[in-house]
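K.L.:
So you can see what is in the structure, the chains are spelled out below.
Protein chains: 4
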Amino acid sequence: MKSFEIPQFGIENLALVERDTPRPGPFEVLVKITAASLNYRDYMVVKGVYNPKMKRPMVPLSDGAGVVEEVGAGVTRVKKGDRVAAAFMQTWVDGPPTQEKGKSALGGSIDGVLREYSLFHEQGLVHTPDSLTDVEAAALPCAGVTAWHALFEQTAVKPGESVLIQGTGGVSSFALLFARAAGLRTILTSSSDDKIGRAREFGADETINYKQTPDWEKEARKLTDGMGVDYVIDVGGSDTVPRALAAVKTGGVVSLIGVLSGVHPSVSPGQILMNSIRVQGIYVGSRSMFERMNRAISFHNIKPVVDKVFPWTEFAEALRYMEGQSHFGKICLKF
Amino acid sequence: MKSFEIPQFGIENLALVERDTPRPGPFEVLVKITAASLNYRDYMVVKGVYNPKMKRPMVPLSDGAGVVEEVGAGVTRVKKGDRVAAAFMQTWVDGPPTQEKGKSALGGSIDGVLREYSLFHEQGLVHTPDSLTDVEAAALPCAGVTAWHALFEQTAVKPGESVLIQGTGGVSSFALLFARAAGLRTILTSSSDDKIGRAREFGADETINYKQTPDWEKEARKLTDGMGVDYVIDVGGSDTVPRALAAVKTGGVVSLIGVLSGVHPSVSPGQILMNSIRVQGIYVGSRSMFERMNRAISFHNIKPVVDKVFPWTEFAEALRYMEGQSHFGKICLKF
Amino acid sequence: MKSFEIPQFGIENLALVERDTPRPGPFEVLVKITAASLNYRDYMVVKGVYNPKMKRPMVPLSDGAGVVEEVGAGVTRVKKGDRVAAAFMQTWVDGPPTQEKGKSALGGSIDGVLREYSLFHEQGLVHTPDSLTDVEAAALPCAGVTAWHALFEQTAVKPGESVLIQGTGGVSSFALLFARAAGLRTILTSSSDDKIGRAREFGADETINYKQTPDWEKEARKLTDGMGVDYVIDVGGSDTVPRALAAVKTGGVVSLIGVLSGVHPSVSPGQILMNSIRVQGIYVGSRSMFERMNRAISFHNIKPVVDKVFPWTEFAEALRYMEGQSHFGKICLKF
Amino acid sequence: MKSFEIPQFGIENLALVERDTPRPGPFEVLVKITAASLNYRDYMVVKGVYNPKMKRPMVPLSDGAGVVEEVGAGVTRVKKGDRVAAAFMQTWVDGPPTQEKGKSALGGSIDGVLREYSLFHEQGLVHTPDSLTDVEAAALPCAGVTAWHALFEQTAVKPGESVLIQGTGGVSSFALLFARAAGLRTILTSSSDDKIGRAREFGADETINYKQTPDWEKEARKLTDGMGVDYVIDVGGSDTVPRALAAVKTGGVVSLIGVLSGVHPSVSPGQILMNSIRVQGIYVGSRSMFERMNRAISFHNIKPVVDKVFPWTEFAEALRYMEGQSHFGKICLKF
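Protein chains in written order, with the working numbering: chain F, 1 to 335; chain E, 1 to 335; chain A, 1 to 335; chain Y, 1 to 335.
One chain only, chain F, in its complex shape (with noise of 0.2 Å):
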């Protein structure tokens, strides 16, 4: 089978190569994947900036779907033929998360989706939604159950209240389409009027062009009355984060998902504690979550936002393409 490696850091040093097609043990399952996605996370991983000590050869990317293949002995959760994706942490079933967990993230401490064939344990597999295509379920690993973490399972969101979303990016596009599942008002910011127009159509309550009004947090107390919003999804990491916590209200919640902008010293302790506000990591989240999301998804028949699709085989292309940011949604790959 064919697979993707990282032999050294960099995009003009992946390699396509051959590997043999592993069979199942006990309670694996062999999946042959049909589609993947592609997160920031992915792009760093590539660069060598995620992690310079990762371990290589490392498969590349989190994100993957597939069809079973093969079933090793004792496993009951899936079959030959089932449809299924891969939970971003192999082994983060249920619960709070812990260091260990941590360490089972496909990608990146564990060899990634990136080839034609991946062996999982059947804890580490949820069934895609009826309603999504291969390529669809592959956009939800990482950024779908991040986003549904961070509205959701952190915090008791309520009808009518608000969150503000930054930018217009694959958890982003989450975001805002749980979001208004939930009932929220939402307020989204982005630097670009064309991406602000799209936001509209998939139903942003309000939106903020970040490059006209660089005071973005200003206009968010604005729209709510001087009070701040509800929660803030700050992806944008060192540069955003102080202006979230100026935006979000009284003992209001600021969920951390990304560092697009760095992760260099920025946040004064005194802006927390001053205003009550809670701030929370998200690190992408649990199986359970995954299927609590998968059931909202196949409910309200909610279709991830997927920028574009690329063949499998042009991964560095669709990395650079990522680079580029000029992308609403998800990047996938078809396989």
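Keep in mind that a hint or two might mislead.
When chains are identical, the list treats them as one kind, so a pair holds in a single copy or across two.
Below are the DSBU-like pairs computed for lysine-lysine, each with C-alpha atoms no more than 30 Å apart in a straight line [unchecked claim]:
(1) Lys79 - Lys218
(2) Lys80 - Lys222
(3) Lys101 - Lys80
(4) Lys222 - Lys308
(5) Lys47 - Lys80
(6) Lys103 - Lys79
(7) Lys101 - Lys222
(8) Lys32 - Lys79
(9) Lys103 - Lys80
(10) Lys218 - Lys103
(11) Lys211 - Lys55
(12) Lys79 - Lys101
Please keep in mind that the hints were generated in silico from the structure rather than gathered at the bench. From a predicted model like this one, the values you see are computed outputs, not experimental measurements.
Chain F is fixed; fit chains E, A and Y onto it per the hints.
P.N.:
Positioned in the frame of chain F, the structure of chains E, A and Y alone reads:
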């Protein structure tokens, strides 16, 4: 009656003035103040660094206790002769914090308690536990309620979990006593072996001298088998929060309750994100929290740690004593 | 001014009397009542079965809305001319319920709103959303807040979860509207195909005619692939709770909010224990819940389902209409 | 190896048979059982009243501890020689309960531990705290975890809150020890002054002899200034739940964990509704709860209350001893 006032910022400018004794209107209560206590916030208030735009003259100090002298029409919660203490935020009775409730903080937003008589709305008072003197009761409103709020109102602590407490000041000494009452494992940091010795007497399970062990976050990890502590009560602010984030477990909670080392930007969003940490700003708490705390204080016969008691007219000396940072527990004033 | 009173129990004994119009004292607000609504509790109150020892004469009805006529000294929350509604429990502002807060329920513990002018403490009022008429606002205080409390304040509902709602009365019609706004899957039971048809129009996803399908709990399980529903809003009481417990999933929640079929002992502890069920008593809710509900009502432009509006002087007729149980949604009174 | 089996219901029909010692497959662990303990559930299982349709022969008992004899391929959580205990529900690792997890209960759904060797999936085991003997560890899986779950996993208890504990059996004795470790005020009911004397030694703050004071719920209210207790741990079932509901405060929690007096319908929905009570069914708990409990047991050096230890072959005698209800704490078996 006599009253302290801050006509201009600076300890040297504090004025002891003569004012008319007020009379209670409907639902108001006149309290003869018999004791008060100092918090680091009061020091910042007097110095003018807490809020340079604060109205002046301001009656200083948030924390006072005393005896009901007279009640206005309609008052049912207290009666003449009752021993009472004032809630830090006079209008935060219950539920979550809000911007508006924050504007009712004594000795900062509205006039404080450093005067012979003070008026309160009946909703802004709690009864003093029989087991405490007035001086001990005066130690509670800010430091006690803050420690209680951080430990018990934002998280569901369980016996055997670990909490790291920084230092031996007002909040920290309460956190130590309350954590012990709840069966938590306490890890205390201090710069002084003398204070560490006292902390051990008050029941600290583990102690770290951060002068001798500047990387106290690593020691905290060692003490928890590499997992990290479950909770950190951070009083240091900018200099300590990055270490607190390194000391806490994946999925753990860092409560920000003080900023002794300042509020300059020092926190990286990446550290919070990757370890799924919750950073929770704690700005004192509600009257209901105060009442729940008092119940625990009564049941466990907990005595606030009072370092030194000054005559109330020696307020300036008390502030300078606080400046010296040699205290363990609370600095109080007696009328 | 004119006022209804219950001098003795019985619809036939209701008296329309002349009383002095009161004047607001400090922190009090005089409201000109323009609309009211009936709840089943009011019916029980008038009949004398709600609380046989209730003080008499009692001004009936908990739910009223109107316009501020005059404010007393110190009032800041409302001003003359504001459109307002009264909180069911006048002193339950925020936080958890208490025995004492329960003693401030309008039209049961203290005099209600069925009179031309009524006095309230300013803390006992909420502003009426601009999107509602006074009659619609009068539908909210008991039924609306109860449904909101059950759905959003005791549990953290997530889109795609399922809730079974019994019937089409006041609380149930609100529960249907709110559950839809939050993206829940709604399963509604009713004895009438006509009402089921209307419920479908209001967005019920699944419906069960419990006359035709008396074992509706089994049907509910079928509709949820044998797992059981996530939540049940039980309005029936003794006759329905055992079925509700059989309809809910392992670890699910049954909210008890009504007792239309009585309160005789009917529930087995074994059923609750073995399926790890939570049974939650819901007795209306706080003013803060009312305000959060109003925010959702405004944002989603939710219109309370008003079945019929009577002139307020036809209160007896309205009660008899309620007795007939042919209504769908709320029965209201207009002044 | 020797194994007990239930070929037909009835203590008199228990059989001690010879079976092949199994060998561990992948991810399985063979444990040499060295101790076990009895729960009232085991008594009901043997008598045939727990589940008349239970598969037979069934190996009895859910609670066992021992030493790892051999590990199968891929096992990483334990190694040969480790002291371990088995989780009551073998597949409930973390997160909320589900129907499916409930089907993995030892000694009821699947074969139990009353045999010389027993196989477990590695996920179904926890390490025995160093501070406990195997007999003490065998006391934990059902009774200990149930008490822990009820007290700490469904509610956020705070020091100084009150909990009423019924009786002095297995779960109740654990609840007493754990509640004390968490700083709760404990009120214990018992039918015997002897047992009350022992409960006092174990730290019960208040005690009620319910033979002398059948209306113990009124006494509980008196002891709490008429407010009612914060929590009740109900082990009695049908006869005690109505009194438990009368003993608990408005907004309080009654945890149903046992049904010693049966499961006939006895509970009125009205009582739950009007006082905003939460009734929570507790059916043991997850492996993660077990581990959190063990941490508390280690830290506080808590010793399970072991009433009497029988040789394991005297299982029938031990059951008859349980029938006599004279025990205080756990009845154990030693291999």
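K.L.:
At most 30 Å between C-alpha atoms: does Lys103 with Lys79 qualify within a copy, between copies, both, or neither?
P.N.:
both (27 Å within a copy, 21 Å between copies)
K.L.:
At most 30 Å between CA atoms: does that hold for Lys79 and Lys218 within a copy, between copies, both, or neither?
P.N.:
For Lys79 and Lys218, only the inter-copy Cα distance (29 Å) is at most 30 Å; the intra-copy one is 53 Å.
K.L.:
When Cα atoms must be at most 30 Å apart, do Lys103 and Lys80 count as within-copy, between-copy, both, or neither?
P.N.:
Answer is both; intra-copy 28 Å and inter-copy 25 Å each pass.
K.L.:
Taking 30 Å as the upper bound on the Cα-Cα distance, should Lys47 and Lys80 be classified as within, between, both, or neither?
P.N.:
neither (36 Å within a copy, 43 Å between copies)
K.L.:
Since the copies are identical, ignore which copy is meant and state whether Lys80 and Lys222 lie within 30 Å (CA to CA) inside a copy, between copies, both or neither.
P.N.:
between (55 Å within a copy, 26 Å between copies)
K.L.:
For Lys101 and Lys222, with the copy left unspecified, which applies at a CA distance of at most 30 Å: within, between, both, or neither?
P.N.:
Answer is between: at 20 Å across copies they meet the 30 Å cutoff, but 41 Å inside does not.
K.L.:
Give the relationship of Lys222 and Lys308 under a CA distance limit of 30 Å: within one copy only, between copies only, both, or neither.
P.N.:
neither (35 Å within a copy, 40 Å between copies)
K.L.:
Should Lys79 paired with Lys101 be assigned to within, between, both, or neither, using CA atoms and 30 Å as the limit?
P.N.:
both (25 Å within a copy, 20 Å between copies)
K.L.:
Cα distance capped at 30 Å. Does Lys32 pair with Lys79 within a copy, between copies, both, or neither?
P.N.:
within (13 Å within a copy, 34 Å between copies)
K.L.:
How would you label the pair Lys101, Lys80 (within, between, both, or neither) given a Cα cut-off of 30 Å?
P.N.:
both (27 Å within a copy, 24 Å between copies)
K.L.:
Tell me, please, which holds for Lys218 and Lys103 at an alpha-carbon limit of 30 Å: within, between, both or neither?
P.N.:
between (39 Å within a copy, 20 Å between copies)
K.L.:
Which holds for Lys211 with Lys55 at a C-alpha limit of 30 Å: within a copy, between copies, both or neither?
P.N.:
Classified as neither; 39 Å inside a copy, 37 Å across copies.
In this structure, the hints that do not hold are numbers 4, 5, 11, in rising order.
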